[in-house]
Amino acid sequence: CKKYLDINTSPNTAEQVDPKLLFSYATVAYMNLRSSGDLYIPIGLAGQSLNAGGNNPTGWSGGDPSPDIYTFSANFFNNTWVSLYVRGGANLQQAIKLSEAASPANNNAAAQSKVLLAMMVYDITTTFGDVPFTEAWKAEILYPKFDDQKTVLEGTLALLDQALAQFDEASPLKIGANNDGYDLLYKGDIAKWKKLAKSLKLRTLLTMVDKDPSKAAAIGTLVNDAAQAMVNGVTDNVAIPYQDVPNKRNPKYAISLQYNGGKNFFFASKPVVDIMNAAPSVDPRLPKFFDKPAGQATYIGVVPGADAVDAINPRIAASLHSPAAPEVMYTYQEQLFAEAEVYARGLGVPVDLGKANTLFKQGLAESCKFFGVSATEAGVFSTSFPAFSGQANAVLTIHEQQWVDKMDRGLDAFTQWRRSGTDGSEVPVLTLPIGAPAGPIFRRFEYPITNEISNNPNAPKTTVRYNEKMWFDL
Amino acid sequence: QDRTITGTVTDKEDGKPLPGVTVLIKGSKVGTQTGGDGKYAISVPSGSTELSFSYLGYTVQTLAISGSTVNAVLESDSKALTEVVVTAVGIARQAKSLGYSVTTLKGDELTKARETNVINSLAGKVSGVRVTAQSGTVGGSSKIIIRGASSFNSGSTSNQPIFVIDGLPVDNSSQQVNTISTSSVPQGSAGSDYGNRAGDLNSDDIESMTVLKGAAATALYGARAKNGAIVITTKKGKKGQTTITVNSSTRFDNVLKLPSFQNEYAQGVQGVYSSGPTVNSSSLNGWGPKIIEVQDKTFTNYLGQQITLQAYPDNVKDFYNTGKTYINSVSFDGGGDSGDYRFGYTNTTQDGIIPNEKLKKNVVSFNAGRNVAPGLDVRTNVNYTRTVADGRPVQSSNNPSVLQSIVYGLPRTIDTKVLKDNYFDPVTKQQIALTPTRTGNNPYWVVNNNNFSNVVDRVFGNAIVTYKPLNWLTISNNLGTDFYNEFRRGVTRQGTIGSLTGDFYAANIYNRIINNDLLLTVDQKLTEDLSLKVIGGYNVFENFYRRDLSDAQQLIADQLYNYANAGSVVTTNTSNQKRIQGVYGDVGLSYKDYLFLNVTGRNDWSSTLPANNRSYFYPSISSSFVFSELLPKSEWFNYGKLRASYANVGSDTDPYQGVFQYSPISAAFAQYGYGSTFPFNGVLAFSSPATIPNLNLKPQNQASYEVGAELRFLQSRVNLDVTYYNTNTSDQIVRLPLPQSTGYSAALLNAGSVKNSGVEVSLGLIPVKTQDFTWNMDVNFSRNVQKIELPSNLASYSLASGWSGLSIKAESGKSFGIYGVAWLRDDAGNLVIDEATGLRKTVSDKRLGNMSPDWLGGINNTFSYKGASLSFLVDIRKGGVIYSNSVSSLRTSGLAKETLLNRGRVFIDKGVVASGSTFVPNTTPVTSMQDYWAQYTTTNTEANIFDASYVKLREVRLSYQIPAKVFQTSVKFIKGAEIGVEGRNLWIIHDNVPHIDPEANFFGTESVAEGVEFNSIPSTRTIGFNIRIKI
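Heads up: the sequence lines are chains A and B, in that order. Counting in the numbering used here, the first sequence runs from 669 upward without gaps. Counting in the numbering used here, the second sequence runs from 62 upward without gaps.
Isolated chain B (complex conformation) (with noise of 0.2 Å):
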């Protein structure tokens, strides 16, 4: 029987009321607040026993219920700011204690605005964080740089941070799978995207995400330190009656960007459609007649008819579909004095915006502990993740497939809800393409016959055995492991133009990381005012990888994909494995509770250096000073900590790089054809390596060092949290690209250094605050300035090539930077005319803009009115540059809206020619506006180079908690329900690139390289429901 409960809530400070304390029933959504005169009054079950009393700034405080009056007493958090983080190895230690700077996101916040890959959500959130979507592709992948890439090169640990779960280092790669046949393009994220594997790991299932950015947080990770860490501590069942939580989420995709069109020009060349009035044009392109000036005309389209041309202006928006994903979860936990218990399940699915795009991910978790003997702790959390993906669209080039480039590039007279119903036709069994070239696949072809898919079967999960026979001592080990099998496939149907025999490829890429950290805790006060914990640690890490790829070519039965329908199969395979043990300690000193020290050390031996340079030391210390303690009381200034950290951490190479070795070879390459597999007449083919190895390499050396203030006022309704950082990544492993006169490609060595510093700002304010309404306002802002040294006999070298001209490079003195082909220019910037043709010169290999944005910010404001809250998120990027190859199509081909501009008429472009030693200004035109668009081919790459800076409405969200009387009346099973309205992505508020969204990637996650986009699938836009309800 409920029963009415009433009570003052008072500050324990000045005894005045506090107003719009939340008063909640334990173990139970169900709460009020104190009104204007700190009193509440709250309807209770009988079951119920305990109140609790929260309030910002202030330490939470349960209370027994006993007689109808429970009074309050809250104490402001800057007393005892308890507040517990998750740090390297799992280890909790107190959040005033860290002599580094640590974000943490709480799993609420994760799945607010669900994103189906939960790094996506750390966008605009964290300072110094910088996460880039590569693609729209569903399921695609995302980078996440920490502070500034700290690396020369590419792959999965190079520059991403570990993912640590519960303790456990998890994979987060991004497979880029080499196919030897004409999707010559690496079938990962560069070709299809086929995600990173931290898509796998479900935000429903997470209590919370910290991100340790510098490597003092991270160096007990010792040789995978360095580019800091996102460590997850997953849900577990709470102590109370068993509670299930039902959460579903619906939501709605579109493209968010699309290209500004012309409307005014048909295909063709110079104006003419075809060679004939019964040929249908070669061109797919914008080039052709003036649609209005040719309607007493008629000309022959793709399907032979005889039409009057016109334009569709929404034929390429027609083409996208609205993307539908629904994201439902259950969960139940529970648990007692000696257990508890979880168990989620989570169903995806989504439909993609590009036709026949799906995503099916299905997340089972279970998470138990139980006290099994006095000190005795047996804890086992158990993941399995199951990843169907079909239809992920091909982007970038050399693949018939890629399909945004057919998209993009259709002529604005045909219509895509026709086309939609012609692409294949009945009686010849064939294709109807749009043109009779080598060009011409009609999208509707390529979505409905050439599938890229993948599964990805994972499991993650380990056991924790805990003992603490003496109350000063714990001893624990924890022993996971992660393993997955990922089968991907690819194929392409015959009539498919460019692949006119038809080929596919199916992948098994298998990974397993088992990993095992003993760990003993000695903790102990050493007086009354020195407490002394000692951690000592040994770490056991394994992974081993297989791939195994089989190419099939020419195949004879339609749209059978298995290997004895091919008339040549090719088969490879590839395995590699690496250990690291590692030994390590941490000591830790706190005195008064005001003053912390840690020192931390860690020897690392790494299987893949060389026997006489594997074992490494790498040592941090970190300390934290909470000078407030010392201060007489303010009512203005309420909490201040300065912290300081010192760290020295490294990172060891890819196995099997000390030895020069020759690798059997599968196949010969020949540019368009199929090439020439061995054995060939006979015979079996070697080839020496690419790189040349290095039998004296040692592990990359990271030094930083970062100091930084934690400061709170009035009341703690202003947080400031400000971060310098410096770090020197040095020695530097690299594939140095070599002149390939040289018989190589890369030199593996040691060379040249990377220095990242930075500063990082969080303030956190709460400009209003009444009994019903608060206004909270985070805002971030980072900046991080990169400079590279190299060997002084080394002024540059290329990190990544993208095609024609274009790479990554670093030099020395200077941020990683894009190069390429560029304008010529005279003394005077003026832009260098050809006096024979009127168009402009171009020399090569110039620098064209930073990779890395300038500063990075967020502004978050939660608005919350009773049981309301009202919050959207503002992700800014300021710098930084992207190319764009769907940019240099829409305007090479004549579709883009600029190129209307002049067409027709004499245009002399704004330049100058060389006369002599001098220039004078250009008097020659161009011959038309097709030639002279023609300038901003692909290959000309500072045509094509942008400002990257944007400003995105990245998160949108309203709530509403629905009142817990609702329930109490009616379905008293209820615990709490919430609906909400979540956006992502919602509005590109302020960019510098024409027609395309500047996040955009396709290097793939693992390269160093950014920056560039080719044929990207667009981002999306999404808008959608959450429900969620506890019982």
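So here's chain A without its partners, still in its complex pose (with noise of 0.2 Å):
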């Protein structure tokens, strides 16, 4: 009779997994998360690096409102936070807690796991402001608190420190080992995690920094000494690629596949292409990001909100938006325009104007290369800077390149021009879009009424619209 009832337990699922399988989902739906419809569009849109076409039939907007103009689905921030804290924080906590409770224990993994899981907490706090942190992921804890952004911000810097006290290069345990290829970053690249690592630290710091400015001898501490390497070459880009294989392509490309007969739903935008219009001599990357309609002479960007004409305004490129093109999450060029960054304002540093324009020029170097610009080509761009005038027109000069260098980022770029300048100062100063409601300009994410709001007790009672600004964000 007992052996009659025992048979509740499912054929369908196991009840250990080796950590690794629940790495390759976290990094799969993140990837995904931030290149396709809930994340990189709207905040695309929204945040003015990529153009909708107002009335175009064949553009993102097609004549209906849509995130451009601050029309936001409620979609976009439940799925945005599922992702996030669901399919990849919790994933990341298991693997950690998985790798951790492995005897012997697999610190590689574990650490790994925490680097990713810092760049997910950096985009959920960028993305939504103040968050569950310190209470988020604890299965005890059925209704986590809302921590402050700075806590949110300083425990991604701890959890960066936790990983690096963790990576046992000697170790042959990791995700990745015998390249399997669940390591999607870096094929079990311990060293190179262990630069990321320092890297993202590097970008929360510059993230913090114009708000709570002792965090610039952190930011001094990180650059000045050689034994902390970071990102160092185009080899420790984290930049995943998808497949040319249907269902595995990537979301930028399927979209239109999808839905607008391959035909490419998003035009360039005027900010942006105006940065570019503006250099010294022609930009190489112009073709790169986008595809000129035939007979027509300059790139024009459409001007946000605004209706694209197909025979005038460019769209984004084909080539960039490939079937196999990767998922870009942290590039050499951005370190080098950070580590200029730093020099240019003297961050933790004295302010060194030439040091950080070579790292600049380096920078925009690799950043052409990086879409495709031959090497001579991009050298030559690079060096018609001119040196640069000043702190001011180094500052400008680089967050202009930091904006544009992520044009296709979404979210990086959109968190790139809150972090360049107070209210109105921002680079480039952006303006509320033709058709959006009246008000201050896009901000942040709300919060997602259905995943969390309503069933959290301990969450914000009052609404915090898009246009409010979050702490970082002067």
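Bear in mind the hints are in silico, worked out from the structure with no lab data behind them. Any given hint might turn out to be false.
[What the hints assert, rightly or not] Have a look at the derived ranges for each label pair, beta carbon to beta carbon:
id, chain 1, residue 1, chain 2, residue 2, range
1, B, GLU872, A, ALA885, 43 to 53 Å
2, A, THR1130, B, GLU959, 27 to 37 Å
3, B, GLN371, A, ASP959, 39 to 49 Å
This one's a predicted model, so the numbers in the text were calculated from it and none came from an experiment. Positions of the beta carbon are idealized from the N, C-alpha and C atoms, including for glycine.
Hints are included, so try docking the two chains, each in its own frame, into the full complex.
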């Protein structure tokens, strides 16, 4: 009788798994979020690095209100939250738990998971502001409190420090061991993971430093310490490729294929094109970024919210949104621009415009090469920039190129823009899109009602609107 | 050779003649009635041996024909109320001995105005039972709730009663198949409505349907008892010569309620049709130019033609066809002293109101019993149903084939008759879309290409062996099985906007129930006055479920739905198994046939619960007291019974909930895209569970009591049945939705309770009764009050969420409610307006109304005149709310009639604006009425919430029993015939929702949630003809 009833073990699931299987799911869920319709599209459009085309029938808006004029679906908020907290974060937390509980412990797997988790936490807080962190991902706490953004950002720094202390390059135990492919970022190269962890610390500190100037010291430490090698070559880039196989293609490509007959939905945004057109020589990235209509001499970006005209306005280049195009999460040029900014602003180091200039030009050349410009052309273009005429000019120029470089990276561009200056002085200065509701411009995603607010008694009770600034955003 | 028999029928009580008594030749439908003097005369064929005399309120009497005079003396049935009711586990008991409320519907009640889903026949007829059709889809699902929802969670057995056929519990699930593709909405009733499995039952094979409402009635089902039971007895052959019954219905359907449209404005944006004279409008709405003002201009339509704008007021109506249904059944039955048999066949062919929507259902049933040796009887009942449905329209959202929004969203200037022939361009081989944007699917492209279909093959049946070795002892065993395979497929043709590369999915769903009950019955008279009946039983129940689902994407050859023709195929499979063992007993005592006491107990062991928590005991006690037996005879009061019961039952949970387990993942989600399937770059993936498991889960526990009375007055011309019940379902097994910052979407735990208490009243009246004419009136009323209790640390939680911030929640001290975004109001209740825009401000997560109605009522009138009968049923629902996405779309798109108001004028919304700490009247006009109505977006829940009350004319039937003498002269082989005109859902007499029928629900029958309409297929009105012949 007892045996007859002992059938409550699922034939479809596993009670034990290798943590790499959770890590791989978290990675793919994360890259999909960053390159598809819940995060990439709405933030790219609202953040003005992409353009929806207004009433252009084959543009993203297609005549209907879209995120470019601040019409957001609740799905964006809910799905982004779920992708980061559940599909991504929860699986990494399990991977960390299983790795550390294993005998012997798989320290590298735990540390790799922590670095990826830190990236997700950074994205969560830069998207939503104050969010659960210290009490998140704990099965025993059903209603996590919301931490202020400073606490969350400090938390990502702590996670990265934990990971750095935990990495064990000598150990054969890791995700991506024996080149099994499960480390989609670095194929199990722990040295690269350590460099990435330090670079991510720098990125976080730079996001915090305007609001919390005490972070300058830590920035100085990172930049000064030669032993603290950060990302220092294109082989350190985190750019995970998609595959040119149905249902494994980059969503940026697949969305156009599925809904627009293969025609790219997105137009060149005027604020991006304007910076590129203002360069001292023709920006060789223009044809890499955009497909110019036949017969057009110049690249004419679309004013945010305005109607795009097929004969005049370029769309995002088919080559950029190719089927196997990678999801880019961290690049060498980003590192170089960041270091250039550190020296230009003197954050924890003395102001050194010369060094900043060198790093900036190096970064600009790397950016060009990253998008497929030849090394020669990249060199010519980057050296066409005059030396910085002063600190303000240096910071402005660096910020402009940081934003342009991240044109196709949705949230990354938007965060860069928000931290680039005080309200109204961001780089570039953006204005309310045509047709958007009156009021301040886009600053964040609103909290997801369904997946968090309505279920969490500890969640903020007042609605935080999309145009309210968050802690780091001055 | 016929002879004429005459006689007089008198009342035993006073010896007076009884007029209007039905006199039937036994075994046929041939009969007559007594006249005012109680006399009758009937022509009897030579083979007939008996006459039966029946009269309402009196015991039927059967007398042998001897000589040419047969006199009958009828006895009022208050003396000998021997109505037998089939109760739990197939136990037949005298109605008067029951200590709880039971309602039985006879088979002919169900085949009056036949419904393809037999559950719908219960609507409005049984107090305390709420039936809601989920959509107007052919073969669509219907939800049944008895005495209020008792559970927080969803699932086919969570709030729905169990269905039992001849002692065999059968499946009534409504599977929601989650596809990974663009059709990411579950393909159950939430996507296409694939029906619920009770819809497989055939009303022509049903002898009776008994609704056991309270837990005391169902306590013998133990862990499955808490939501009541629908106990069905199938038809058996009757002793006598073989009878052939033919029943044929032809019915026609149309849309019960269509939206009211404006017919003055064309499509466009803020009054402008399109960006240029040679460009088609990108908008599917009514915000373009005023048609009458642009008669001097031409515009480019979706066909590229230059046209003068013109409204087609009936364009939406023209889209719908007249639905046609043909139900034909034939049955053969007969029997002798040692056995009986019945064979039935029913064919249903239905064409829906949506083009290409079709359903075919064939049912074969066989029921035979035989006495094989003294005291030993065997009986078997086998039923095979095959249902084939095509063109099930897609509802709700997130699928390019969602039909209702396309049809209701047609600009007023599109002529459907032209559209019908212009959905496919023979030159380009492409769809002719309505707009160049990514929302412009042509509805005829959708209905002609994107077919969502299913095929169900189902067999259920049982074998019963009964052995009666001693006259006080019966041993019986009932072994049965119910299994089906359902194949579902949904195809989206290449070129469909929203899935240009095409896709399809196919699912095989297999479900099997095996059930065995071994029963031992001891029936002993202890003394002259005291009888004892003891029943002992042992039950084994197993349910196995398996599903294989394949999603194919990016098709190559056009319209070839083969996996080899797809760029990517993702296959997922799942299965689960559950077992329950139970030992039960029922002890019944009766004293002098007026005092009855029943005690039952059942111990269940469920495989789904942790081993240390899996054994549970469920007791019940019920008593009935026919107090009128002790009263002196009275002219005005002829029967009175009091009843009371108490029961404690429970329910287990789904399989595999107790362990933390990792699931293999087939694809990672990406909004608007195909996502990424694994292996991805060569790697596989697993995920931690969405729900935190619980190692200490307990069964849910339901305690209930019920008291009631049955009273009959004036020779049973007034029958009153009143019940009060109170149930408390505690230790709810819930998937408590968690804030997802926990990393989980839910936690499985025992928490909270649902209290339902209510009153049910049934009143039967015979206001008029003469020799030829009778007026019967049955009125039922039920009111259920639900009250939730949650742990103190939990203010509320979400039972289910719709899109866009809407959720169905439970909150302490309240009933299940709909919550969502609401208009912001000041303390005085004025709408708060944004000074900058003139538009209203909103707040999130407000309670906006009760999900369930306050009360339900039904009024059924039957007028009989000689062989003719006219009946009509009025079904009333009062209270509760419904959210309508369709209304939202009609308004935001400027197509609804009310959007004409104030167009082109300065409009200042009535409300207040904040001025410091106080509010002052708003003076800011809205920019345009298009902006004003845009506030009624689907994300604004309150703007689209309506009172769900209704009064409906549910059923009308006119029938005429052709007098036997017609056949006696010409076609003697016909024993009886009846013709009828029937109508279902004829008229919404009153409702408070614009544009849609308030009876709709996109959540599906298994979900606890109701009250949300999301592009639901509109309900239909049905009128039909019926002829029934017995040979």
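Which of the numbered hints are not met once you compare them with the structure shown?
-> none
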